[in-house]
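Peer 1: So you can see what is in the structure, the chains are spelled out below.
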Amino acid sequence: MSVRAKILTAIQQIAKEQQVTLPPLTDDLSLHETGFDSLAFAILVARLEDDLGSDPFTISEDAAFPHTVGDFVRAYENVPA
Amino acid sequence: MSPREIFALRDYLGPEKKGRTLSDPRHVVSLTDILSLSCLGGRARELSGRNVLLAISDQLRSGIAMIEIDGVARRMLLCPPDLNPAHLKALIEDAGIDAVVTDTPEAWTDCGIALVIAAQLPLVPAEVAPSERATEWLMLTSGTSGVPKIVGHTLEGLSGAIVAEGPSRGPAPVWATFYDIRRYGGLQIFLRAVIGGGSLVLSEPGEALADHVARLNARGVTHISGTPSHWRKLLMSGAAAQFDPRYVRLSGEIADQAVLDGLKAAFPDASVGHAYASTEAGVGFAVNDGLEGFPAGMIGQNRNGVEMKIVDGSLRIRSRRTAHAYIGRNAAPLTDADGFVDTGDMVELRGDRYHFVGRRGGIINIGGLKVHPEEIEAVINRHADVRMSRAKSRRSPITGGIVVADVILADGTDAAREKEIRDQIMTQCRAQLASHKVPAVIRFVPTLDVTPAGKLARTDA
Numbered sequence: 001m002s003v004r005a006k007i008l009t010a011i012q013q014i015a016k017e018q019q020v021t022l023p024p025l026t027d028d029l030s031l032h033e034t035g036f037d038s039l040a041f042a043i044l045v046a047r048l049e050d051d052l053g054s055d056p057f058t059i060s061e062d063a064a065f066p067h068t069v070g071d072f073v074r075a076y077e078n079v080p081a
Numbered sequence: 082m083s084p085r086e087i088f089a090l091r092d093y094l095g096p097e098k099k100g101r102t103l104s105d106p107r108h109v110v111s112l113t114d115i116l117s118l119s120c121l122g123g124r125a126r127e128l129s130g131r132n133v134l135l136a137i138s139d140q141l142r143s144g145i146a147m148i149e150i151d152g153v154a155r156r157m158l159l160c161p162p163d164l165n166p167a168h169l170k171a172l173i174e175d176a177g178i179d180a181v182v183t184d185t186p187e188a189w190t191d192c193g194i195a196l197v198i199a200a201q202l203p204l205v206p207a208e209v210a211p212s213e214r215a216t217e218w219l220m221l222t223s224g225t226s227g228v229p230k231i232v233g234h235t236l237e238g239l240s241g242a243i244v245a246e247g248p249s250r251g252p253a254p255v256w257a258t259f260y261d262i263r264r265y266g267g268l269q270i271f272l273r274a275v276i277g278g279g280s281l282v283l284s285e286p287g288e289a290l291a292d293h294v295a296r297l298n299a300r301g302v303t304h305i306s307g308t309p310s311h312w313r314k315l316l317m318s319g320a321a322a323q324f325d326p327r328y329v330r331l332s333g334e335i336a337d338q339a340v341l342d343g344l345k346a347a348f349p350d351a352s353v354g355h356a357y358a359s360t361e362a363g364v365g366f367a368v369n370d371g372l373e374g375f376p377a378g379m380i381g382q383n384r385n386g387v388e389m390k391i392v393d394g395s396l397r398i399r400s401r402r403t404a405h406a407y408i409g410r411n412a413a414p415l416t417d418a419d420g421f422v423d424t425g426d427m428v429e430l431r432g433d434r435y436h437f438v439g440r441r442g443g444i445i446n447i448g449g450l451k452v453h454p455e456e457i458e459a460v461i462n463r464h465a466d467v468r469m470s471r472a473k474s475r476r477s478p479i480t481g482g483i484v485v486a487d488v489i490l491a492d493g494t495d496a497a498r499e500k501e502i503r504d505q506i507m508t509q510c511r512a513q514l515a516s517h518k519v520p521a522v523i524r525f526v527p528t529l530d531v532t533p534a535g536k537l538a539r540t541d542a
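In order, the protein sequences belong to chains V and W.
Using this note's numbering, you'd call the opening residue of the first sequence number 1 and step up by one each time.
Using this note's numbering, you'd call the opening residue of the second sequence number 82 and step up by one each time.
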């Protein structure tokens with residue numbers, strides 16, 4: 001499974017757990033519009049750290065939290081192996 | 082105090098109660114023999130009026146020495162085996178120690194303490210020292226990372242709950258405990274055996290659980306105590322199947338419904354009780370109805386000399402079984418102005434019972450909200466495939482912290498079912514806990530660390 005597919009699967013799993021109805025997950029969808037609150041994002045980042053082995057938002061001090069789903073996925077894709 | 086009011090441990094070893102023993106894997110000692118035999122080379126009298134440090138590697142000699150020293154020394158400080166040697170100097174100063182009883186006298190030659198007495202086996206014939214005074218028993222608190230606090234007790238206070246219950250009915254009990262007898266929970270069982278007319282089978286560090294249980298069986302153990310973590314380990318080991326005690330006791334940690342039910346299922350013929358006790362507050366009460374928590378009616382009234390109240394969510398206890406003081410130069414007061422000990426154990430009223438939710442000092446901070454890990458663990462432990470769990474906080478770049486849980490599954494759980502079980506635990510947690518308390522991540526692990534005091538290790542708490 002690609003990094004992108006893993007991220008989208010994790011988002012859908014958490015949406016199900018948190019009973020959030022997701023709009024279609026397009027790259028330009030703003031994270032705000034996903035309906036996720038900060039707890040849901042914290043869960044997502046923690047699970048992705050375990051699954052992908054990295055947390056791009058803690059590693060880099062200057063990393064701003066992304067605005068869109070596309071930015072979020074790229075933050076993980078751009079982590080040096 | 083007039084001499085006739087002094088009672089010491091040796092006064093419970095009357096010759097009419099022969100056949101009682103104190104044993105470990107290597108030795109069996111007759112308790113009655115301690116009236117005429119000594120592990121101190123007959124030198125107990127030299128400890129008269131002294132402040133004695135009891136620093137012996139094994140529990141057997143420690144127990145015999147306690148009997149020999151009680152009623153003779155002014156003070157006796159019990160060192161548990163996991164005591165950090167770096168803390169000894171401060172403890173010796175705070176307790177005014179002027180004598181050491183040890184199985185390694187050579188290690189104490191340069192310590193500046195003039196009187197060092199060797200504790201040895203086999204026992205040698207000796208005349209029993211007379212009981213001269215009510216020796217002060219000093220114990221150390223567990224669970225703190227710095228120098229442990231010294232807590233002062235009397236034998237009368239330590240044995241208050243035992244004397245209140247009276248002698249056990251039926252055949253003399255053979256006690257065992259997973260605790261070390263130099264910890265409060267273990268000392269209670271040692272005293273129960275000595276004062277209540279029974280025997281005691283000691284635990285042995287490093288002994289495989291199956292070997293330990295085989296030894297408990299061989300010695301005919303009928304009554305046994307430990308922490309919920311001790312008991313969960315036994316239930317996980319499979320060794321419980323060969324064991325058939327009459328009385329099973331839990332203390333030292335929160336006994337949740339899952340562990341109580343697990344023990345009732347494993348030992349259908351035994352009575353299962355959980356007791357509330359701490360080094361500072363002494364024995365508060367025992368609950369024998371098989372349910373977690375305790376009836377709300379126990380709060381606010383004096384029951385067998387124990388009064389309890391709840392202030393700011395924490396349980397406070399006043400009784401003659403509490404310790405009388407912290408000992409040392411900078412010792413804080415042990416009780417409030419009314420004589421109540423604040424246990425630091427937080428309780429919550431649900432229906433007509435109070436439930437323990439965790440330690441005040443063990444709260445984890447999740448996005449600014451306070452969470453007791455024990456409360457989350459109790460929910461996770463209710464899943465039939467879960468044996469033990471630990472909830473803790475994990476740093477999060479978004480909320481500051483989130484809850485994660487490590488879970489041990491029951492033996493033989495199919496790894497293919499992990500996802501299903503994880504989903505079920507999540508569903509259970511979401512139904513019963515506020516959303517910030519629901520674990521974000523559940524990991525299945527083979528083991529969880531337990532401290533030498535028998536409690537689930539919470540290094541991050």
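A couple of the hints might just be wrong.
To be verified - Listed below are the simulated DMTMM-like cross-link pairs for lysine to aspartate or glutamate, each with C-alpha atoms no more than 20 Å apart in a straight line:
#1 V:K6 <-> W:D370
#2 V:K16 <-> W:E499
#3 V:K6 <-> W:D504
#4 W:K451 <-> V:D50
#5 W:K500 <-> V:D37
#6 W:K451 <-> W:D492
#7 W:K518 <-> V:E77
#8 W:K500 <-> V:E49
#9 W:K473 <-> V:D50
#10 W:K170 <-> W:E187
#11 W:K345 <-> W:D492
#12 W:K518 <-> W:D504
#13 V:K16 <-> W:D370
#14 W:K390 <-> W:D342
To be verified - Chain W is nowhere near these chain V residues, computed Cβ spacing over 10 Å in every case:
#15 R4
#16 L8
#17 T9
#18 Q18
#19 P24
#20 L29
#21 S38
#22 I43
#23 V45
#24 A46
#25 D55
#26 T58
#27 N78
#28 V79
Since the hints were derived computationally from the structure, they do not count as laboratory data.
Just so it is clear, the structure is predicted and the values come from calculations on it, not from any experiment.
No residue lacks a Cβ here, since even glycine has one placed at the ideal position from N, Cα and C.
Peer 1: With reference to the structure, classify each hint as holding or not holding.
Peer 2: Structure-based check of all given hints:
1. Pair hint V:K6 plus W:D370 does not hold up; C-alpha atoms about 49 Å apart against a cutoff of 20 Å.
2. Between V:K16 and W:E499, the direct Cα distance comes to roughly 18 Å. Compliance with the 20 Å bound is thereby established for this hinted pair.
3. The hinted pair formed by V:K6 and W:D504 meets the criterion: a straight-line CA distance of about 18 Å does not exceed 20 Å.
4. A hinted pair counts as satisfied when its Cα atoms are at most 20 Å apart, and W:K451 with V:D50 does not qualify at roughly 25 Å.
5. For the hint pairing W:K500 with V:D37, the CA-to-CA distance comes to about 25 Å; that exceeds 20 Å, so the pair is violated.
6. At most 20 Å may separate the alpha-carbon atoms for a hinted pair to count; W:K451 and W:D492 exceed this at roughly 33 Å.
7. Distance check on the hinted pair: W:K518 and V:E77 sit about 30 Å apart at the alpha-carbon level, beyond 20 Å; violated.
8. Straight-line distance between C-alpha atoms of W:K500 and V:E49 comes to about 18 Å, which keeps the hinted pair within the 20 Å bound.
9. Distance hint between W:K473 and V:D50 is fulfilled; the C-alpha atoms sit about 16 Å from each other, no more than 20 Å.
10. A distance of roughly 17 Å separates the Cα atoms of W:K170 and W:E187; the hinted pair therefore holds under the 20 Å criterion.
11. Restraint check for W:K345 and W:D492: satisfied, since their Cα atoms lie roughly 18 Å apart, inside the 20 Å limit.
12. Between the alpha carbons of W:K518 and W:D504 the distance comes to roughly 16 Å, so the proposed pair stays at or under 20 Å and holds.
13. As the CA atoms of V:K16 and W:D370 are separated by approximately 40 Å, the hinted pair breaks the 20 Å bound.
14. Restraint check for W:K390 and W:D342: not satisfied, since their Cα atoms lie roughly 28 Å apart, outside the 20 Å limit.
15. At roughly 20 Å from the closest C-beta of chain W, the C-beta of V:R4 stays outside 10 Å, upholding its exclusion from the interface.
16. Against chain W, the non-interface label of V:L8 holds: every CB pair exceeds 10 Å, the least being about 18 Å.
17. Interface exclusion of V:T9 from chain W stands, the closest Cβ pair being 13 Å apart, more than 10 Å.
18. Its beta-carbon lying about 8 Å from the closest one in chain W, V:Q18 breaks the requirement of being farther than 10 Å from that chain.
19. Interface exclusion of V:P24 from chain W stands, the closest Cβ pair being 24 Å apart, more than 10 Å.
20. With a least CB separation of 18 Å from chain W, V:L29 remains clear of the 10 Å interface cut-off, as annotated.
21. At roughly 5 Å from the closest C-beta of chain W, the C-beta of V:S38 falls inside 10 Å, breaking its exclusion from the interface.
22. The claim that V:I43 lies off the interface is violated: its Cβ sits roughly 4 Å from the closest Cβ of chain W, which falls inside the 10 Å cut-off.
23. Distance check on V:V45: its Cβ comes as close as 6 Å (rounded) to a Cβ of chain W, failing to clear the 10 Å threshold; non-interface status is violated.
24. Distance check for V:A46 against chain W: the nearest CB is about 5 Å away, which does not clear 10 Å, and the non-interface claim fails.
25. Not every C-beta of chain W lies more than 10 Å from that of V:D55, the closest at about 7 Å, which undercuts listing it as non-interface.
26. With 10 Å as the threshold on Cβ separation, the claim that V:T58 sits away from chain W is violated: the shortest Cβ distance comes to roughly 5 Å.
27. Listed as outside the interface, V:N78 is consistent with that label: its C-beta sits roughly 16 Å from the nearest C-beta of chain W, beyond the 10 Å cut-off.
28. Listed as outside the interface, V:V79 is consistent with that label: its C-beta sits roughly 14 Å from the nearest C-beta of chain W, beyond the 10 Å cut-off.
In this structure, the earlier hints numbered 1, 4, 5, 6, 7, 13, 14, 18, 21, 22, 23, 24, 25, 26 are contradicted, and the remaining ones agree with it.
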